[in-house]
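K.L.:
Quick note, the sequences are listed as chains A and B, same order. Its first residue numbered 1, the first sequence is counted upward by one per residue in the working numbering. Its first residue numbered 271, the second sequence is counted upward by one per residue in the working numbering.
Think of the hints as simulated: they come from the structure by calculation, not from any bench. Careful, some of the hints might be misleading.
To be verified - Stretch by stretch, here's where chain A covers chain B in the computed footprint (C-beta under 8 Å, at least three residues):
id, region
1, 372-378
2, 407-414
3, 553-565
4, 570-578
What the hints assert, rightly or not - One side only, chain A facing chain B, incomplete, derived with CB under 10 Å:
id, residue
5, A86
6, A88
7, R96
8, I113
9, I129
10, T138
11, R157
12, Y228
13, I246
14, A253
Glycine residues also receive a C-beta, built at the ideal position from the N, C-alpha and C atoms.
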Amino acid sequence: MNGRRPFVLYTAMAFGYAFLYLPILAVIVYSFNESRMVTVWGGFSTRWYGELLQNRQILDAAQRSLLIATVTASFAVAFGTLAGLALARFGRFRGRGVLGLVTSAPLVMPEVILGLSSLLLFVSLQGLIGWPERRGMTTITIAHITFCICYVTVIVRSRLVQMDQALEEAAMDLGARPWKVFFVITLPLIAPALIAGWLLAFTLSLDDLVVASFTSGPGSSTLPMLIYSKVKLGVTPEINALATIIIVLIATAVTIAGIVMHRSAARANR
Amino acid sequence: MWATVVADLFRFVGTWGREIRDSRGRHLVTALPLLYLVAFFLVPFLFVLKISFATSTIGQPPYTPLFAWGEDGALTIRLVFENYRALLGDPLYVGAYLNSLWFATVATVVCLLIGYPIAYGIARARPAVRVVLLVLVILPFWTSSLLRSYALIGILRTNGVLNQLLMGLGIIDQPLEILHTNFAVHIGIVYNYLPFMILPLVATLMRLDFTLLEAAADLGARPASAFLRVTLPLSIPGIVAGSLLVFIPAVGEFVIPDLLGGPDSLTIGRVLWTEFFTNRDWPLAAAVAVAMLALIVIPIMLFEWLNERESRRDEGRASGAP
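Excised from the complex, chain A in its bound form (with noise of 0.2 Å):
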């Protein structure tokens, strides 16, 4: 290697990574501005983290939006992980072809279409048999288990890959129940993979905001669709308190789940 290639890729590398980073941290610092001006510096200030605690609206949006992220994230491990096992493990079965396929379109869907297409469902849905009664938390659940779900079987279906079969065989070979072997052997060994696919579908439900604004119902806006409404009219130091909180939330659980999944690949591999 010669001195210069790595001169021009560090510029690059740091160019792409200031570009990445810049406009975030510009939001965490402006979120401590004393002045209401976002534009001016008016000192270190936390005021705007005490208004926030202060807005109804915004606790309650983002009540809605935790509860129907945790609700989410939980159905998308459990179809996701079953999803994985069978796309990894049972070989060539009749539905492998179509499984493959839903599971991995949604991961490049555009949102307008998912949250069109799953509005559209509800809405034939009751004129037909009368169920969803209304749009509300329970559409846009619906809505994001299907696309959160694809996530969780990426993740489950990698690790077991990777995953030495071997265990697997032996506990079969001294006579366990394929049951037994799952919950035994194999769920112990991709827990980290459930782990960070729990907290990704945990993150890309509380993200949403196209899917949410077309599956919700009156009264029940999630804290993107409050945040959409209110970027709309520009920027203001509420949103980046906000932002700065969501922001901070999901770096310290992505954080964790990366230190997790890697100690255990690091037990794995000793």
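Go by the hints and put chain B onto chain A.
P.N.:
Leaving out everything else, chain B in the frame of chain A:
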């Protein structure tokens, strides 16, 4: 003779029963996620298709029924092609399509140009450093495009961070009008989708056997030609996967052009949103969705095929098969 037939029949039923018992668990494992996704992902497309042939009315739901039972019990089906004619005939919609394709294409190319060196650097870094660099790429992917677009507004505004910086340095004396232009949309899409390009590239480049480059150098290849003739061809799977991950969702992007673009940065995603939420024309919105799907169905099939091939190969390697 009858005895053997009956015996065969019983044997057949017996094996059948055993098979059901053994595979029942497997069927359940497959069926649960499959049924959920078919019901809530595939079936909805039928309703989108159906409603795209309806007419918008005032009421609940705001579209006309497709099937109607006449007085005499005859079924009449009314398909209205008006929505599609509007999509193809109105320059506004055609322009939105071309805009979306243009935004997605530029984003894919720019993401590749910025993302490749970063991915290369990550893949060649020491393992401990690589983990940190990878986490730093993945982190922004976990925050929503809404918040990241909002962050960009703060940077690009007329009196935003970028203009203050450039004016403070004396590079410009008039603030640049970037926000609410197509240029801001380009920046926003690249900013949001860059991690999607980097991750598959890192995966491919990490698998690359770097001793091949040493061999090329030993045989007298200059670094540039070794890169062009060894590294680049071997990283094509990553390039294709990353490009699809950027291109397909970018075609239908709504939040970024809506927040960062101007009134003329019209994209299909924005048209769909406006027809649905502002004009409350659900059938036209459905027709827009069908047309958008037609645009991306081939890239999606390619993505699914690549995905399946990749996992098959990994599975083959894991079980020790060639």
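K.L.:
Each hint should be assessed against the structure and marked as holding or not.
P.N.:
Structure-based check of all given hints:
1. Check on the region 372-378 of chain B: 0 of its residues sit with their Cβ under 8 Å from a Cβ of chain A, so the three-residue criterion for coverage is violated.
2. For a cut-off of 8 Å, the count of residues in the region 407-414 of chain B with a CB near a CB of chain A stands at 7, and the three-residue condition holds.
3. Under the rule that three or more residues need a Cβ within less than 8 Å of chain A, the assignment of the region 553-565 of chain B holds, with 5 such residues.
4. Here the region 570-578 of chain B counts 5 residues with a CB under 8 Å from a CB of chain A, which clears the bar of 3, and the coverage holds.
5. Interface restraint check: A:A86 against chain B, minimum CB-CB distance 4 Å, threshold 10 Å, status holds.
6. At about 7 Å, the closest approach between the beta carbon of A:A88 and any beta carbon in chain B falls short of 10 Å, and the interface hint on this residue holds.
7. Annotation: interface hint on A:R96 holds; nearest CB of chain B at approximately 8 Å, less than 10 Å.
8. Hint on A:I113 holds. Least Cβ distance to chain B is approximately 5 Å, under the 10 Å limit.
9. Residue-level restraint check for A:I129 is violated (minimum Cβ-Cβ distance to chain B is 13 Å; threshold 10 Å).
10. The beta carbon of A:T138 is not positioned within 10 Å of any beta carbon in chain B (closest approach about 12 Å), and the interface hint is therefore violated.
11. Because the closest C-beta pair between A:R157 and chain B is about 7 Å apart, less than 10 Å, the hint holds.
12. Look at A:Y228: its Cβ gets to within about 6 Å of chain B, closer than 10 Å, so that hint holds up.
13. A distance limit of 10 Å between C-beta atoms decides the matter here; for A:I246 the minimum to chain B is near 7 Å, and the interface restraint holds.
14. At its closest, the beta carbon of A:A253 sits 8 Å from a beta carbon of chain B; the interface hint therefore holds under the 10 Å criterion.
Taken one by one, the earlier hints fail for this structure at numbers 1, 9 and 10, listed in ascending order.
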